[in-house]
Amino acid sequence: MTTQTVLAAAGGVSGGEEVTFWILAPLALIGAIGMVVARNAVHSALWLVLTMLCLGVFYVLQAGPFIGMVQIIVYTGAIMMLFLFVLMLVGRDSSDSLIETLRGQRVAAVLLGVGFAGLVGGGLYRALDGVPAVGLEQANAEGNVQGIARLLFTKYVFAFELTSALLITAAVGAMVLAHVERRKADKMDQVATMKARFAPGNYPGPKPGPGVFATSSSVATPARLPDGRLSERSIPEILPVRELTAEETSLKGTDQ
Amino acid sequence: MNAVYLAQDPTLADFGKDPWWLVLIKVVFAFGVAVMATLLGVWFERRVVGRMAVRPGPNQAGPFGLLQTLADGLKMAFKEDILPKAADKVVFFFAPTISVICAVTALSVVPFGPMVSIFGHQTPLQVTDVPVAVLVLLACSSMGIYGIVLGGWASGSTYPLLGGLRSTAQMISYEVAMGLSIVAVFMTAGTMSTSGIVAAQGDATRLTIAGMEVPAPGWYAILLLPSFIIFFISTVGETNRAPFDLPEAESELVAGYMTEYSSLKFALYMLSEYVAMVTMSAVTTTLFLGGWRAPWPITLWEGANSGWWPMLWFFGKVIALVFVFVWLRGTLPRLRYDQFMRFGWKVLLPINLVWILVLAGLRSIEDWQTKDRLLVTGVAAGVLLLATLLWPSRGKAPKPSPQEKADSRPHGSFPLPPMDLQVPPSPRTKRVVAEREPANVAAGSDSREV
Numbered sequence: 001m002t003t004q005t006v007l008a009a010a011g012g013v014s015g016g017e018e019v020t021f022w023i024l025a026p027l028a029l030i031g032a033i034g035m036v037v038a039r040n041a042v043h044s045a046l047w048l049v050l051t052m053l054c055l056g057v058f059y060v061l062q063a064g065p066f067i068g069m070v071q072i073i074v075y076t077g078a079i080m081m082l083f084l085f086v087l088m089l090v091g092r093d094s095s096d097s098l099i100e101t102l103r104g105q106r107v108a109a110v111l112l113g114v115g116f117a118g119l120v121g122g123g124l125y126r127a128l129d130g131v132p133a134v135g136l137e138q139a140n141a142e143g144n145v146q147g148i149a150r151l152l153f154t155k156y157v158f159a160f161e162l163t164s165a166l167l168i169t170a171a172v173g174a175m176v177l178a179h180v181e182r183r184k185a186d187k188m189d190q191v192a193t194m195k196a197r198f199a200p201g202n203y204p205g206p207k208p209g210p211g212v213f214a215t216s217s218s219v220a221t222p223a224r225l226p227d228g229r230l231s232e233r234s235i236p237e238i239l240p241v242r243e244l245t246a247e248e249t250s251l252k253g254t255d256q
Numbered sequence: 257m258n259a260v261y262l263a264q265d266p267t268l269a270d271f272g273k274d275p276w277w278l279v280l281i282k283v284v285f286a287f288g289v290a291v292m293a294t295l296l297g298v299w300f301e302r303r304v305v306g307r308m309a310v311r312p313g314p315n316q317a318g319p320f321g322l323l324q325t326l327a328d329g330l331k332m333a334f335k336e337d338i339l340p341k342a343a344d345k346v347v348f349f350f351a352p353t354i355s356v357i358c359a360v361t362a363l364s365v366v367p368f369g370p371m372v373s374i375f376g377h378q379t380p381l382q383v384t385d386v387p388v389a390v391l392v393l394l395a396c397s398s399m400g401i402y403g404i405v406l407g408g409w410a411s412g413s414t415y416p417l418l419g420g421l422r423s424t425a426q427m428i429s430y431e432v433a434m435g436l437s438i439v440a441v442f443m444t445a446g447t448m449s450t451s452g453i454v455a456a457q458g459d460a461t462r463l464t465i466a467g468m469e470v471p472a473p474g475w476y477a478i479l480l481l482p483s484f485i486i487f488f489i490s491t492v493g494e495t496n497r498a499p500f501d502l503p504e505a506e507s508e509l510v511a512g513y514m515t516e517y518s519s520l521k522f523a524l525y526m527l528s529e530y531v532a533m534v535t536m537s538a539v540t541t542t543l544f545l546g547g548w549r550a551p552w553p554i555t556l557w558e559g560a561n562s563g564w565w566p567m568l569w570f571f572g573k574v575i576a577l578v579f580v581f582v583w584l585r586g587t588l589p590r591l592r593y594d595q596f597m598r599f600g601w602k603v604l605l606p607i608n609l610v611w612i613l614v615l616a617g618l619r620s621i622e623d624w625q626t627k628d629r630l631l632v633t634g635v636a637a638g639v640l641l642l643a644t645l646l647w648p649s650r651g652k653a654p655k656p657s658p659q660e661k662a663d664s665r666p667h668g669s670f671p672l673p674p675m676d677l678q679v680p681p682s683p684r685t686k687r688v689v690a691e692r693e694p695a696n697v698a699a700g701s702d703s704r705e706v
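Chains as they are written, first to last, in the numbering used here: chain A, 1 to 256; chain B, 257 to 706.
Please keep in mind that the hints were generated in silico from the structure rather than gathered at the bench. It is possible that some hints are incorrect.
[Unchecked claim] Here are the simulated SDA-like pairs of lysine to any residue, each with C-alpha atoms no more than 25 Å apart in a straight line: (1) 187(A) to 653(B); (2) 273(B) to 232(A); (3) 282(B) to 559(B); (4) 155(A) to 653(B); (5) 195(A) to 444(B); (6) 273(B) to 19(A); (7) 521(B) to 187(A); (8) 345(B) to 89(A); (9) 345(B) to 50(A); (10) 345(B) to 364(B); (11) 207(A) to 183(A); (12) 195(A) to 676(B); (13) 602(B) to 74(A); (14) 341(B) to 435(B); (15) 207(A) to 175(A); (16) 187(A) to 345(B); (17) 345(B) to 510(B).
Please work from the sequences and hints to get the whole structure.
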């Protein structure tokens, strides 16, 4: 039993706890505001990381060290990291534009947001003001981690398993949607490529360049094979094979 | 005798009672360990790798070249600090500090020794301990990734960005394997506090073999060998050390995430890398190698695990592990990225899960009668053995002979010479030999040579 647990159970606030709170609470708020205000997506994510870290410390202060550390490891360390991963792949220049597409939307959003925050904060304050904290002592009687483990694996085991099944389903679903299955036969290794190259019907040498033995050096002019035929392999597939007319090949009279 | 040892073991109740100056001393000590570890670690690594490559390594500055790192560090500090034009200035500045802070913070929950007396205060040789100390370590290592990723991103350059993204994927993947191997430790020790885990490895169970009481090994490296191996491999991945140093693969990415860094910021990255290596070695020692407890032959001496001596054992183990890190670097080539990821997700993770399942099974039948226990274990082992023996294996198709392969080629293929081709001796060579006149006829005794 740590001293923190005892203090929190007694409903008292120790000096250290108060100091930590008053340092970290403004930081958490700054992080939250910065997250909304920042125009660069990565900066936004970093502000959110700050808020989450502060929340993690708050959990530890409230005699929940396990949940605090899990908050830091899972949310800050893994989930936000994946967010960053995506943001960085999107590109670093993807800042928000300041042009309002809906007129007055920003003002309305600010008003509604502040109003909602006020409602929630006021409601919580009125509901919890003067309510003493009880039961923390009993909950942490055999240690914080052990207490959580006991609840998770006895009373809430069904909910716990359901949640994990849900998460697994989501992960597998995302993989199925995003994964492009390549069959083994589609993969050409070096040996297979060489075999295909020397298979009958395939010319193993390099492709003839366009315009070779031709009347024009245009990429649209196919190469001529030694027997005089035109080689379709020498020009891109989107271009039709054709011979230039006499008018096209004759001098234009511009280089006099 | 045992009771004396146990009394030395700090418990969670022993923490949080130090006066402020003692806390300050401990914090400064931990920080000093980190910095000294870097200074000596770089030297150590260069000397050892040099020895492995049959060359002396740094041996000019100071005795044995010990001051080489100091000189390098000073030089680095006086170099020009370059800020790339495309860099995100604030993040570029903060990224290396995040790395260092996280690496150093992890040392605060590592126990260096048992209860000792410092200026009359009985206090554990550990900055602090919490009920979730091992999770603090994990949190530090997962926050440390931010330093690398942000450094890579903020440089505004392609190679650093690629290095940063690689390291994200790498460290998150290997953190999963690492976390799972720690689960086995939690299950066996029954606690997450580092001092508790060290204490749990101390009270060895005693086996009675042929009437003799033999203390069974208590180190989790022996009891939980698969976890130990996987954990150590993951720490190598987590610290970006060779053979897993893909974020800074110089043959592909110049220097990875620190390409654009110079001067002190670069030095900070170096610092964090070496501190992370030492921290990870210290954590491995704590979790699996008995922490500050003396290894077996030394424990015959009664005072081995009390007073200041354990610190010596602790640092001995840490140095041994750091040597393994360096050894790996000197021995193994770098993995390709897909090989590395496959190894983490398809080898380490499944083995770990199966091992945890087996361990949980063993723990749950611990209280049974010996007969029942043997029966259950035997049946499980038998079923497993039968399954491996009778598992249908895909029969290998017989290899076609060269003639069959030649016959099976489609019509119009490149012509092949006949398989039984005997190259007849050229009649021309014979004629040349026959017609050649003997050389050096007049040279006398040496005329045997034709």
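Now for the hints, and whether the structure bears them out:
1. 187(A) to 653(B): Judged against 25 Å, a Cα distance of about 21 Å means the pair holds.
2. 273(B) to 232(A): Given that 25 Å is the threshold and the Cα spacing comes to 86 Å, the pair is violated.
3. 282(B) to 559(B): Given that 25 Å is the threshold and the Cα spacing comes to 24 Å, the pair holds.
4. 155(A) to 653(B): 55 Å, violated
5. 195(A) to 444(B): 57 Å, violated
6. 273(B) to 19(A): 19 Å, holds
7. 521(B) to 187(A): 45 Å, violated
8. 345(B) to 89(A): Cα-Cα ~20 Å, so holds.
9. 345(B) to 50(A): 18 Å, holds
10. 345(B) to 364(B): 30 Å, violated
11. 207(A) to 183(A): 29 Å, violated
12. 195(A) to 676(B): 23 Å, holds
13. 602(B) to 74(A): 22 Å, holds
14. 341(B) to 435(B): 40 Å, violated
15. 207(A) to 175(A): 40 Å, violated
16. 187(A) to 345(B): 45 Å, violated
17. 345(B) to 510(B): 22 Å, holds
Taken one by one, the earlier hints fail for this structure at numbers 2, 4, 5, 7, 10, 11, 14, 15 and 16, listed in ascending order.
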